[in-house]
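Going letter by letter, the sequence shown gives residues 1 to 255 in the numbering used here.
Warning: the hint list may mix true and false statements.
[Unchecked claim] Quick list of in silico lysine to aspartate or glutamate cross-link-like pairs, DMTMM-like style, CA-CA up to 25 Å:
id	residue 1	residue 2
1	K30	E223
2	K170	E130
3	K30	E15
4	K30	E43
5	K30	E66
6	K30	E203
7	K170	D112
8	K170	E203
9	K170	D201
10	K30	D44
11	K30	D10
12	K170	E146
13	K30	E73
14	K170	E129
I should point out that these hints are in silico values taken from the structure, not numbers from a laboratory.
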Amino acid sequence: MSEASFQQPDRRRPEPLWYQVEEAIRAIVKSGEWATGDQIPAEDRLCALFGVSRITLRHALRNLEESGLLRREHGRGTFVRSATLVAGTRELTSFTQEMGNIGVVAGSRLLDCSLTTANAAAAGALEIEEGDPIVRIRRLRLGNNEPIGIQTAQLAAARVPGFLDAGLLKGSLYEALERQYGIVPVEARENYRVGAVSAADAELLDLPAGSPAFVVERITIDERGPFEFTVSVMRGDRYEIRSTLRAGRLPNTRS
1 MSEASFQQPD RRRPEPLWYQ VEEAIRAIVK SGEWATGDQI PAEDRLCALF
51 GVSRITLRHA LRNLEESGLL RREHGRGTFV RSATLVAGTR ELTSFTQEMG
101 NIGVVAGSRL LDCSLTTANA AAAGALEIEE GDPIVRIRRL RLGNNEPIGI
151 QTAQLAAARV PGFLDAGLLK GSLYEALERQ YGIVPVEARE NYRVGAVSAA
201 DAELLDLPAG SPAFVVERIT IDERGPFEFT VSVMRGDRYE IRSTLRAGRL
251 PNTRS
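All chains, full assembly: derive it from the sequences and hints.
Below, the structure is given as structure tokens:
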């Protein structure tokens with residue numbers, strides 16, 4: 001790629017140098033100049049191109065690796081990831097936003113959108129009565145046109161009157177809910193477990209039936225309470241969970 005593509009950080013700006021380098025690399029990946037699977041230049045070359053120290057560069061690369069945009073292979077170098085979602089400490093965002101954060105074009109294929117009734121799990125999550133009406137939205141989630149997972153969102157129908165008639169399923173569901181109903185998520189609780197891809201989902205996910213998957217249950221809450229209960233079946237090879245663990249303080253045994 002052309003060296004002109006590298007935007008050196010401006011030391012007069014208030015943003016830290018590592019942040020400017022991080023954003024510059026995101027822009028290069030998003031532009032397609034570094035494609036999925038490409039190996040990026042070595043650290044010393046990047047330091048020269050960006051005009052920064054190795055410490056600054058490594059800070060930016062570490063953030064990009066943790067967000068899922070890059071992957072580092074010991075002894076080989078650093079590569080642009082395929083469409084992979086990395087779950088861990090992060091902001092409450094939609095799928096569309098999460099994919100955009102790692103430079104991947106999000107896509108969806110609507111599989112079902114219908115009015116049905118809440119089963120026990122949905123009723124408990126949404127704090128409604130079993131059998132109450134809910135809107136069920138089932139979508140195949142894509143990243144750069146590759147299948148990542150199948151998400152089934154369930155909304156309490158009383159919170160979204162007229163949803164099925166409003167044509168709200170283009171783009172981000174959260175943006176549509178805020179625009180149409182003033183619903184703004186403030187908190188979400190997620191549970192993760194390991195499962196297997198069912199025969200019904202296998203063809204959609206381009207996997208053999210029984211392949212490993214993450215099953216993620218998410219309850220999303222606004223200022224009025226729970227409004228969404230989503231169950232996601234995510235490809236095990238395109239979804240990762242990372243955590244940062246910190247040592248707790250040992251009790252002081254000295255008298």
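These are the hints, each one checked on the structure:
no.: 1; hint: K30 to E223; verdict: 35 Å, violated
no.: 2; hint: K170 to E130; verdict: 29 Å, violated
no.: 3; hint: K30 to E15; verdict: 21 Å, holds
no.: 4; hint: K30 to E43; verdict: 20 Å, holds
no.: 5; hint: K30 to E66; verdict: 17 Å, holds
no.: 6; hint: K30 to E203; verdict: 29 Å, violated
no.: 7; hint: K170 to D112; verdict: 14 Å, holds
no.: 8; hint: K170 to E203; verdict: 24 Å, holds
no.: 9; hint: K170 to D201; verdict: 22 Å, holds
no.: 10; hint: K30 to D44; verdict: 23 Å, holds
no.: 11; hint: K30 to D10; verdict: 21 Å, holds
no.: 12; hint: K170 to E146; verdict: 19 Å, holds
no.: 13; hint: K30 to E73; verdict: 21 Å, holds
no.: 14; hint: K170 to E129; verdict: 29 Å, violated
Hints 1, 2, 6, 14, counting from the list given before, are not met by this structure.
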